[in-house]
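Chemist: Those protein sequences? They're chains A and B, same order as listed.
Using the numbering used here, you'd call the opening residue of the first sequence number 9 and step up by one each time.
Using the numbering used here, you'd call the opening residue of the second sequence number 9 and step up by one each time.
Simulated from the structure, these hints should not be mistaken for lab results.
Just so you know, not all the hints are guaranteed correct.
Pairs involving identical chains hold if they fit within one copy or between any two copies, as the list cannot separate such chains.
Stated by the list, open to error - Below 20 Å or equal to it, Euclidean Cα-Cα: the simulated SDA-like pairs (lysine to any residue) are:
| # | residue 1 | residue 2 |
| --- | --- | --- |
| 1 | Lys220 | His35 |
| 2 | Lys134 | Asp149 |
| 3 | Lys121 | His44 |
| 4 | Lys121 | Arg131 |
| 5 | Lys160 | Leu77 |
| 6 | Lys223 | Asp127 |
| 7 | Lys213 | Leu230 |
| 8 | Lys160 | Asp79 |
| 9 | Lys134 | Arg119 |
| 10 | Lys121 | Val141 |
| 11 | Lys134 | Gln120 |
| 12 | Lys121 | Tyr62 |
| 13 | Lys213 | Glu234 |
| 14 | Lys223 | Tyr62 |
| 15 | Lys160 | Gly80 |
| 16 | Lys121 | Cys16 |
| 17 | Lys121 | Arg37 |
| 18 | Lys160 | Gly78 |
The chain contents come next:
2 protein chains.
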Amino acid sequence: MAVRSQLCDACDIRDLTFCSALHGEEHIRLRQLLTHVQYDGHSTIFHEAEEADYVFNVTSGSVKLYKLLGDGRRQITGFLFAGDFLGLALNLTYSYTAEAIEPVTACRFPRQKLERLFDEFPRLEKRMLGMAVDELAAAQDQMLLLGRKTAKEKVASFLLMLARRQEHRGVNDAAIEVPMSRSDIADYLGLTIETVSRTLTQLRKEATISLKDNKHIEAIGLSMLEDLAEGL
Amino acid sequence: MAVRSQLCDACDIRDLTFCSALHGEEHIRLRQLLTHVQYDGHSTIFHEAEEADYVFNVTSGSVKLYKLLGDGRRQITGFLFAGDFLGLALNLTYSYTAEAIEPVTACRFPRQKLERLFDEFPRLEKRMLGMAVDELAAAQDQMLLLGRKTAKEKVASFLLMLARRQEHRGVNDAAIEVPMSRSDIADYLGLTIETVSRTLTQLRKEATISLKDNKHIEAIGLSMLEDLAEGL
DNA sequence: CGAATTTTTGATGTCTGTCAACTCCAGTGG
DNA sequence: CCACTGGAGTTGACAGACATCAAAAATTCG
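All chains, please: the whole structure from these sequences, using the hints.
Modeler: Have a look at this one:
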C-alpha cells in the first residue's frame with residue numbers, strides 16, 4: 009500500500025462516486041481530506057471488527073467483502089469495483105473484512121473528518137444516505153438469492169449482476185469480466201466451488217453462456233439468464 | 009386501517025424511535041407531519057414496487073417484510089417490532105412488501121415532507137443514516153446465515169435475534185415471544201416449515217429450548233444457542 | 001363441538017456437498 | 001526449450017442435509 013499525490017481532476021470515474029455530490033469550492037474541501045492509496049491483489053484493506061478510521065472510494069481494481077463463522081466458513085457479502093464506496097460503517101468498527109481481488113487503487117478519507125464535513129455540506133450526507141439505501145436494497149435482493157434460489161438461478165443472477173455493473177461503469181465489452189476466483193463466487197452464492205463449476209458447465213452446454221477463459225464469460229442467451237434470475 | 013388522533017406525549021417507545029433525535033420545538037414540527045394508523049393482522053401495509061409515499065414507525069405489533077420470485081417462492085427479509093422504522097426506501101418505490109403479522113399500530117409520515125424536514129433538522133437525517141447503516145450490518149449478518157449456516161444454526165440465530173430485540177424493547181420475560189408462523193420463520197431462514205419444526209423438536213429434545221406453546225419459546229441453554237449461532 | 005388451519009411426524013427423494021482424481025495453466029529452473 | 005511443480009478449475013462417484021410428499025396430531029375458531 010503506497011500513498012500517491014492527489015489527482016482528482018484527472019479522475020475518470022468521478023461521476024460514479026459520491027464526489028459528484030459536491031462542486032467547485034466544496035469539492036476542493038473534500039479533496040483536502042483525501043489520500044490516494046494502492047493495494048496489491050490478495051491484500052487486506054481492513055479487517056472485520058477493526059476500528060473504522062477510514063472510508064474509501066474504489067478507483068480501480070476489485071474488492072471482496074466477507075464475514076466468517078467460528079469454524080472458518082465464509083460468506084462474501086459483496087464485490088466492489090471502480091466507483092464503489094467502501095466502509096459505509098459509520099459505526100466504530102467495520103462489520104466485515106475487505107480484501108483486494110486484483111491490485112486496487114482507492115481514495116481514502118478519514119471517517120471523522122468526513123463526517124464533520126457533513127454539517128457543512130448536507131448534500132454529502134444525503135448522498136451517503138442514498139448510497140446506504142441502495143446497498144440495503146441490494147442486500148435484500150441477495151437475501152432472496154441466498155434463501156430461495158437454486159444453484160442455476162444463483163449463478164445466472166451473479167453473471168447478470170456483473171454484466172449490469174460493468175455496463176454501469178461504461179465498459180462496453182461483449183464478455184463479462186470475472187476477476188474473482190471460483191472459490192469467491194461460491195462463497196458469494198452460498199455454494200461450493202464444485203457446484204459453481206458444474207453449473208457454469210451446464211450453462212455452457214445449454215449455450216446460455218460461453219467461456220472465453222476462466223475470467224471472461226460471454227452471455228449468449230441474455231434473456232435466458234434474466235428469466236433464470238427472476239425464478240421463471 | 010384507521011386514523012386516530014395524535015398522542016406522542018404518551019408514546020412509551022419514543023426513545024426507541026428516530027423521534028428521539030429531536031427535542032422540544034423540533035419534535036412538535038415532526039409531530040405535525042404524523043398520522044397514527046392501525047392495521048389488522050395479515051393485512052398489507054404496502055406492496056413491493058408501489059410508490060413509496062410514506063414511511064412508518066411501528067408502535068405496537070409485528071410486521072414482516074418480504075420479496076417474491078416469479079413462481080411464488082418467498083424470502084422474508086426482516087421482522088419489525090415496536091420502535092422499528094419501516095420504509096427506509098428513499099427511493100421512489102418500496103423494495104419489498106410489508107405485512108402485519110399481528111394487529112399493528114404505527115406513526116405514518118409523508119416521505120417527501122419528512123425529507124424536507126431533513127434540511128431544517130440535520131440531526132434527523134443523521135439518525136436516518138445511522139438506522140440505514142445498522143440495517144445494513146443486520147442484512148450482512150443475515151446473508152452469512154442464509155449462505156453458510158446449517159438449519160440448526162439458523163434456528164438458533166433466529167431465536168437469539170428475537171430474544172435480543174425483545175430485551176432491547178425492555179420486555180422482561182423468560183419466554184421469547186414468537187408471533188410469526190412456522191411458515192414465516194421458514195421463509196426468513198431459507199428453510200421449509202417441516203425443517204423448522206423438526207429443528208425446534210430437536211432443540212427441545214436436547215433441552216436447549218422449551219416450548220411453552222407455539223408462540224412462546226424459552227431458551228434453557230442460552231450459551232448453547234449462542235455457540236450454535238456463531239458456528240462453533 | 002366440528003371444520004379448517006397449523007404444526008408435527010414419518011417415508012422417501014433430490015439437490016448440492018464431500019471426497020477424490022484428473023486436467024489445465026502459469027511459473028520455475030535446469 | 002521443456003520437464004517439473006503447485007494451484008485453480010473440472011469432472012466423477014457417492015453421501016447427506018434438507019426438501020418433498022403424505023398423513024396424523026394439535027390448535028384455532030366459528
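Chemist: What hints, given by number in increasing order, does this structure fail?
Modeler: 1, 2, 6 and 14
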